[in-house]
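K.L.:
Sequence:
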Amino acid sequence: MEKLKLERLVQKIEKQEKTVKEINEFVEEITRGIGKEDLYSESSGHTHIIRTLDNFQGFSFCANTGQTMFGGEDYSVWYSKNRTQTPVFSVHYQDGKYAVKEFKKDTEWLKKLQKIMKNKKSILAKMEKEKEKQRIKILLQKEQKNKRKQLLEDAKVLKL
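Using our numbering, the first residue of the sequence shown is number 1, and each one after it goes up by one.
Hints listed in this document are in silico derivations from the structure and should not be mistaken for laboratory results.
It is possible that part of the hints are untrue.
As the list claims (entries may be wrong) - Lysine-lysine pairs mimicking DSSO-like chemistry, simulated, CA-CA at most 27 Å apart:
1. 36 <-> 115
2. 81 <-> 104
3. 121 <-> 104
4. 118 <-> 137
5. 112 <-> 129
As the list claims (entries may be wrong) - What follows is a set of in silico ranges between Cβ atoms, one per label pair, in the way DEER data are often shown:
6. 34 <-> 107: 47 to 55 Å
7. 70 <-> 25: 15 to 23 Å
8. 127 <-> 16: 28 to 36 Å
9. 11 <-> 133: 18 to 26 Å
10. 22 <-> 55: 16 to 24 Å
11. 68 <-> 12: 41 to 49 Å
12. 148 <-> 18: 57 to 65 Å
13. 126 <-> 154: 41 to 49 Å
14. 5 <-> 107: 53 to 61 Å
15. 107 <-> 36: 45 to 53 Å
16. 52 <-> 21: 19 to 27 Å
Positions of the beta carbon are idealized from the N, C-alpha and C atoms, including for glycine.
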């Protein structure tokens, strides 16, 4: 019976470690890819960078990397629900080890985040498509504005 409990505990630990690693890697990747760089400082022994991504599919992320010359990175996730942001995940990573500071037991945020992680490529592609639509719309508006301006100038020259 005791052996069975220990085996179950080992399974839970392995599952949690895998989840923490996946979230950690996702936060690093997503903040590096489409986040904004809030801090970049180079020192003699390290480069300290803080990147954030706000309101991405109902989540906000922060990667605080290279804190000292010996490493040290913090990764955090906030979940927005009912217009309130709640910290749901925070971990310190150093020397290949994760020290979990926050991991909300409520699984709603985790399920949603895992879905986003799974569909990341399609979500980013959709965002890029929307961004391109906006860019084209702005270009068309500028073109219409320039045409109108030219027509008004032509009318002025012709004393209309």
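K.L.:
So, for every hint listed, does it hold in this structure?
P.N.:
Comparing the hints with the structure gives:
1. Taken as a hint, the residue 36 and residue 115 pair is honoured in the structure, with Cα atoms around 23 Å apart against an allowance of 27 Å.
2. This hinted pair checks out: residue 81 and residue 104 have alpha carbons roughly 14 Å apart, not beyond 27 Å.
3. With a C-alpha separation of about 26 Å, the suggested pairing of residue 121 with residue 104 holds against the 27 Å cut-off.
4. Distance restraint check for residue 118 and residue 137: the Cα-Cα separation of roughly 31 Å exceeds the 27 Å cut-off, and the hinted pair is therefore not satisfied.
5. Taken as a hint, the residue 112 and residue 129 pair is honoured in the structure, with Cα atoms around 22 Å apart against an allowance of 27 Å.
6. Between residue 34 and residue 107, the C-beta spacing of about 26 Å breaks the proposed range 47 to 55 Å.
7. In this structure, residue 70 and residue 25 meet the distance hint of 15 to 23 Å, their C-beta atoms being roughly 21 Å apart.
8. The hinted window of 28 to 36 Å between residue 127 and residue 16 holds, with their beta carbons roughly 30 Å apart.
9. Take residue 11 and residue 133: their Cβ atoms lie about 47 Å apart, and the range 18 to 26 Å is violated.
10. For residue 22 paired with residue 55, a C-beta distance near 21 Å keeps the hint of 16 to 24 Å intact.
11. About 32 Å separates the C-beta atoms of residue 68 and residue 12, a value inconsistent with the hinted range of 41 to 49 Å.
12. Against the hinted window of 57 to 65 Å, the Cβ-Cβ separation of residue 148 and residue 18 comes to about 59 Å, which satisfies the hint.
13. Separated by about 42 Å at the C-beta atoms, residue 126 and residue 154 satisfy the suggested range of 41 to 49 Å.
14. Between residue 5 and residue 107 the C-beta distance comes to about 23 Å, which lies outside the given range of 53 to 61 Å.
15. The supplied range of 45 to 53 Å is broken by residue 107 and residue 36, whose beta-carbon atoms lie about 29 Å from each other.
16. In this structure the hint that residue 52 and residue 21 lie 19 to 27 Å apart at CB holds, the actual value being about 21 Å.
Of the hints listed earlier, those the structure fails to meet are numbers 4, 6, 9, 11, 14 and 15, in rising order.
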